[in-house]
Amino acid sequence: MPLAVWVLGFAIFAQGTSEFLLAGLLEPMARDLHVTVPTAGLLISAYAVGMVAGAPVLSMATLRWPRRRALLLFLTVFAVAHVVGALTPGYAVLFASRLVGAIACAGFFGVAMVTAVDLVPGEVRARALAVVIGGITVATVFGVPAGTFIGQYLGWRAAFWAVAALTVPALAGVYLTLSGGRNVGRTPASRTGTREQIGDELRSMKRPALWIAYGTTALSFSSMMATFGYLGPLLTGPGGLGERWVPMVLALFGVGSLVGITIGGRVADAHPFATLYTGLAGVVATSAGIALTAGHPAAVTVLVFLMGVAGMATNPAVNVRVHATAGPDRTLAGASVTSAFNVGNAIAPWLAGLVVDAGLGYANVPWVGAAMAAGAFATVVWASRLDRRPATPTPSAERRTLEPAATDRPV
Numbered sequence: 000m001p002l003a004v005w006v007l008g009f010a011i012f013a014q015g016t017s018e019f020l021l022a023g024l025l026e027p028m029a030r031d032l033h034v035t036v037p038t039a040g041l042l043i044s045a046y047a048v049g050m051v052a053g054a055p056v057l058s059m060a061t062l063r064w065p066r067r068r069a070l071l072l073f074l075t076v077f078a079v080a081h082v083v084g085a086l087t088p089g090y091a092v093l094f095a096s097r098l099v100g101a102i103a104c105a106g107f108f109g110v111a112m113v114t115a116v117d118l119v120p121g122e123v124r125a126r127a128l129a130v131v132i133g134g135i136t137v138a139t140v141f142g143v144p145a146g147t148f149i150g151q152y153l154g155w156r157a158a159f160w161a162v163a164a165l166t167v168p169a170l171a172g173v174y175l176t177l178s179g180g181r182n183v184g185r186t187p188a189s190r191t192g193t194r195e196q197i198g199d200e201l202r203s204m205k206r207p208a209l210w211i212a213y214g215t216t217a218l219s220f221s222s223m224m225a226t227f228g229y230l231g232p233l234l235t236g237p238g239g240l241g242e243r244w245v246p247m248v249l250a251l252f253g254v255g256s257l258v259g260i261t262i263g264g265r266v267a268d269a270h271p272f273a274t275l276y277t278g279l280a281g282v283v284a285t286s287a288g289i290a291l292t293a294g295h296p297a298a299v300t301v302l303v304f305l306m307g308v309a310g311m312a313t314n315p316a317v318n319v320r321v322h323a324t325a326g327p328d329r330t331l332a333g334a335s336v337t338s339a340f341n342v343g344n345a346i347a348p349w350l351a352g353l354v355v356d357a358g359l360g361y362a363n364v365p366w367v368g369a370a371m372a373a374g375a376f377a378t379v380v381w382a383s384r385l386d387r388r389p390a391t392p393t394p395s396a397e398r399r400t401l402e403p404a405a406t407d408r409p410v
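In numbering that gives the first Met the number 0, the protein residues as written are 0 to 410.
Keep in mind that the hints were calculated from the coordinates and are not lab data.
Source: prediction; values computed, not measured.
Virtual Cβ for every residue (Gly too), placed ideally from N, Cα, C.
Heads up, a few of these hints could be off.
[To be verified] Using C-beta positions, here's what the derived DEER-type ranges look like: (1) Arg202 - Gly294: 45 to 55 Å; (2) Ala91 - Ala157: 20 to 30 Å; (3) His33 - Gly198: 49 to 59 Å; (4) Leu201 - Gly358: 23 to 33 Å.
Please model the complete structure; the sequences and the hints are all you need to start from.
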């Protein structure tokens with residue numbers, strides 16, 4: 000892997016730490032801000048909403064920019080948003096800062112994914128994407144538990160300061176490892192005007208198969224987030240664990256995620272459907288298991304680890320299918336992967352909050368995740384059936400380099 004790919008993964012680590020940090024801090028934040036835990040949980044949804052809006056809009060707005068310039072701008076705005084969030088005394092400003100930070104994160108994520116794909120040969124794109132997305136996984140292993148620990152002992156605002164500090168080396172790394180000139184890979188901006196280029200990008204979004212892949216994307220990763228977002232209260236409530244154990248269980252989820260994304264990155268290029276079937280079935284089973292054994296912390300801990308393995312194994316497969324289906328004009332399509340992920344991530348905490356507000360308790364929250372994973376499984380079945388239809392040959396050699404093996408052509 001080029002060093003720049005690893006740098007992008009580190010930057011995603013910093014941003015992923017922020018995205019999932021609140022899972023272990025909802026209760027202390029709710030007390031400090033004088034709101035309910037479900038209301039504090041909406042800060043997770045706010046981040047997801049910002050990610051949905053930010054990725055496609057910013058990727059198109061910066062389409063003709065050198066990618067280094069765009070990435071540096073997004074990281075700077077992200078850091079400033081976290082400084083504002085750490086300093087604000089009220090919920091409303093914190094909510095707004097989460098939105099702004101998420102929009103900047105989305106812009107970075109969208110451009111980073113396309114940059115990583117263009118930096119490597121076609122046969123290892125899933126691995127490159129796994130490295131970049133792996134930043135999120137490493138965040139769940141180290142960043143989120145460490146941030147939860149800092150938040151519990153120094154206050155949640157200190158965790159926000161820590162995220163802002165993490166952004167500084169990411170800024171330096173992007174500046175030093177990426178070229179400040181023309182974009183790598185295919186550079187339509189060098190040959191066509193902005194209007195024609197945007198037209199090409201919009202036409203690439205017309206493929207029905209791409210929207211099926213987005214449906215899988217929206218439901219797959221977020222099926223874990225319904226449970227993960229309320230994992231702290233679930234462990235300390237029905238599970239009966241003390242707050243000091245929460246970071247350890249979150250770290251165990253992260254270890255499982257790291258195992259899962261490593262496996263997925265190795266097998267997704269050749270077997271995307273098999274990877275998706277296996278991983279999503281695993282999320283359904285583990286989510287249901289957590290709901291049924293919520294009062295037994297040892298069982299929940301093991302199942303949380305297995306849910307991380309199963310859920311993150313699907314991530315490279317989802318991404319590589321979207322990029323394969325999108326074709327050569329893939330800046331908008333690739334950035335919209337981030338939006339699709341976060342459509343689900345916005346819905347999942349909201350649905351989980353409805354379960355809590357209805358008085359059903361934290362133990363029933365994982366059923367939301369099980370239902371979302373089952374929905375994702377259904378979209379994969381749909382895509383698999385369409386995939387059996389005769390494929391229309393594509394004369395472009397560039398398009399052929401994006402396609403996986405003939406046994407797993409994009410639908």
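> Could one say that the CB atoms of Arg202 and Gly294 fall in the range 45 to 55 Å?
Replying inline: holds (54 Å)
> CB of Leu201 to CB of Gly358, is that within 23 to 33 Å?
Replying inline: Given range 23 to 33 Å: violated, Cβ gap about 46 Å.
> Would you say the C-beta atoms of His33 and Gly198 sit inside 49 to 59 Å of each other?
Replying inline: holds (50 Å)
>> Taking the Cβ atom of Ala91 and the Cβ atom of Ala157, is their distance within the range 20 to 30 Å?
In response: holds (21 Å)
Consistency note: the structure conflicts with earlier hint 4 alone.
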